[in-house]
Structure formats: structure tokens, C-alpha cells
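There are 2 protein chains.
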Amino acid sequence: MIGRLNHVAIAVKALEPAAAVYRGALGASVSAPQPLPEHGVTVVFVELPNSKIELLEPLGEASPIADFVARNPKGAVHHICYEVDDILAARDRLRDNGARVLGGGDPKIGAHGKPVLFLHPNDFSGVLIELEQA
Amino acid sequence: MIGRLNHVAIAVKALEPAAAVYRGALGASVSAPQPLPEHGVTVVFVELPNSKIELLEPLGEASPIADFVARNPKGAVHHICYEVDDILAARDRLRDNGARVLGGGDPKIGAHGKPVLFLHPNDFSGVLIELEQA
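Just so you know, the protein sequences line up as chains A and B, in that order.
For what it's worth, our numbering labels the leading residue of the first sequence as 51, then goes sequentially.
For what it's worth, our numbering labels the leading residue of the second sequence as 51, then goes sequentially.
For the record, the hints were derived by calculation from the structure and aren't laboratory data.
Keep in mind that a hint or two might mislead.
Since copy identity is lost for identical chains, a pair holds within one copy or between any two.
What the hints assert, rightly or not - Here are the computed lysine-lysine pairs in the DSSO-like style, where the Cα-Cα straight-line distance is at most 30 Å: (1) K102 x K63; (2) K158 x K102; (3) K102 x K124; (4) K63 x K124; (5) K164 x K102; (6) K164 x K63; (7) K158 x K63.
For reference, chain A alone in the conformation it holds in the complex (with noise of 0.2 Å):
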């Protein structure tokens, strides 16, 4: 069912410092920051040949990393998004299965302007995953 590893998503306290290593110390080409007020997350992407990687940084008084990041001052991996050709078929594979869909199991639309889907990380080895319609 799952298809491409679409992106894996680091949430840090301050992007500028975390975009500047990719950029530096690893040599990797990153965008410019994209605040997604909608979101509660600013973004920059780490372009790599065959996925991305995403930084977020929380934006504004209820970004839903906020709690996350204060957790993890240095940083972490706050999610891995997965893509899927038909979220609703996903959803009601991964409930069949008895895996925890958030929110209610209606699919919202995602930062890149598609359907997605969290997951309950302790259905899935303690990582948060997010489903993607391709």
C-alpha cells in the first residue's frame, strides 16, 4: 500500500541554524523559509535526488509542534510521511488492521496542498506517520 517515502520531518526551535548546516556542512541544496500560518509551521526543504527532508520551525501561539519542540530543545524527528494513491482505501486498510487513525479519520489538507492522514505513533515502532495522497 504505502508508495514513495515523500519526506522526513525534523522540528527544531530555530530554522536558521538548523537550514545553514544542511546548506554548509553538508552541502545540501535548502529553499527559503515558508511560513504556513495555516499550518502553525514555518518550513524549508532539503532537497535530496530521491525525497526531502523537511525542517519546521513552530509558527505562532498554537503551532501543533510547539509542545514537541519544547520536549526536544536540540531537535528530533517529528514525523515520516508516506504517500498513498487513495487515502480513503489507506484509511480503512490501516482501521481493518486496528491501527489508530488521528483526528477522526477524515483526511484535512497538508502542507503541500494535498490530503493527508496522521497516524498514532504507538501503532507504528514510536514514530508519527503521515499519509499523503500522491
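Given the structure of chain A, go ahead and fit chain B onto it with the hints provided.
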């Protein structure tokens, strides 16, 4: 400098239930467990079209991931591996940029039979990074 995202490694207490979720609920292609006693882990590969996930379970008395799994009993992302063309040139660039290369900076032969280095998570947004000469 960095090239492809070679893999994301997720460390777990027990491989079989973690692999079963990737195979079942997520419908991915998952390899048979492969013990790597010289690396102190047993590994399972989740094959994705553009990259892979490695599920790691501690193996033996002195597994290098034993403490990590004890601290993260539900599982967690252990490291992210990027490919590089020339691991010694990569090491020198990292040092020139003030980043810490672990283990004295001499590449070791990694789980895929290729030269690898690990980079200090505190210099990379809290994430342990493996570089593998592709």
C-alpha cells in the same frame, strides 16, 4: 555534498511486531530478519520505491542500540543515512564546518558493506546522521 536519502533507521525492542505492521496495516514489502552480529543488530528492510526503512532490534550483549531502545521502549527513529560519493572528502568538509564526526573520523564498514561515518546529533538538529559512501 549529500546525495540520496539511503534509509531511515527505526530501533525497536522486537522486530516481529514492527515488521508485521509494515507488512500488514501499511502493505509494504518487508524482508526477512537478517542478524548482523558484528554490528549488534538484527535488521529488517522495508522496501519503498525510492528509499527504505530499516527496522533494527538489539542483538547480543553489547548492542550499540541497547541503551537507545531502553530509553525508547515504544521505538523511535535512531538515525538517518545519507549517501556521499567520497566519505573522506565528506569528513573533511564537515570538520572544516565545525561539525563533530564520531569515532575519531575513520570510516568503518557499515551494515551494507560500505564505508560509513556517524555524525554527532547535537550538530544536526538532534538527529544522529550516518553517511555512507555509495
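Cross-check of the supplied hints:
Proximity of K102 to K63 under the C-alpha cut-off of 30 Å is found in both arrangements, the shortest distances being 20 Å within a copy and 28 Å between copies. Taking identical chains as interchangeable, the C-alpha atoms of K158 and K102 lie at most 30 Å apart whether they share a chain (21 Å) or sit on different chains (26 Å). For a Cα distance limit of 30 Å, the shortest separation of K102 from K124 qualifies both inside one copy, at 20 Å, and across copies, at 26 Å. Taking the shortest Cα distances, K63 and K124 sit within 30 Å of each other both inside one copy (7 Å) and across copies (25 Å).
With identical chains, the CA atoms of K164 and K102 are at most 30 Å apart both within one copy (16 Å) and between copies (23 Å). Taking the shortest alpha-carbon separations for K164 and K63, only the intra-copy value of 26 Å comes in at or below 30 Å, while the best inter-copy value is 34 Å. In this homomeric assembly, K158 and K63 come within 30 Å of each other (Cα to Cα) only inside a single copy, at 25 Å, whereas the closest approach across copies is 33 Å.
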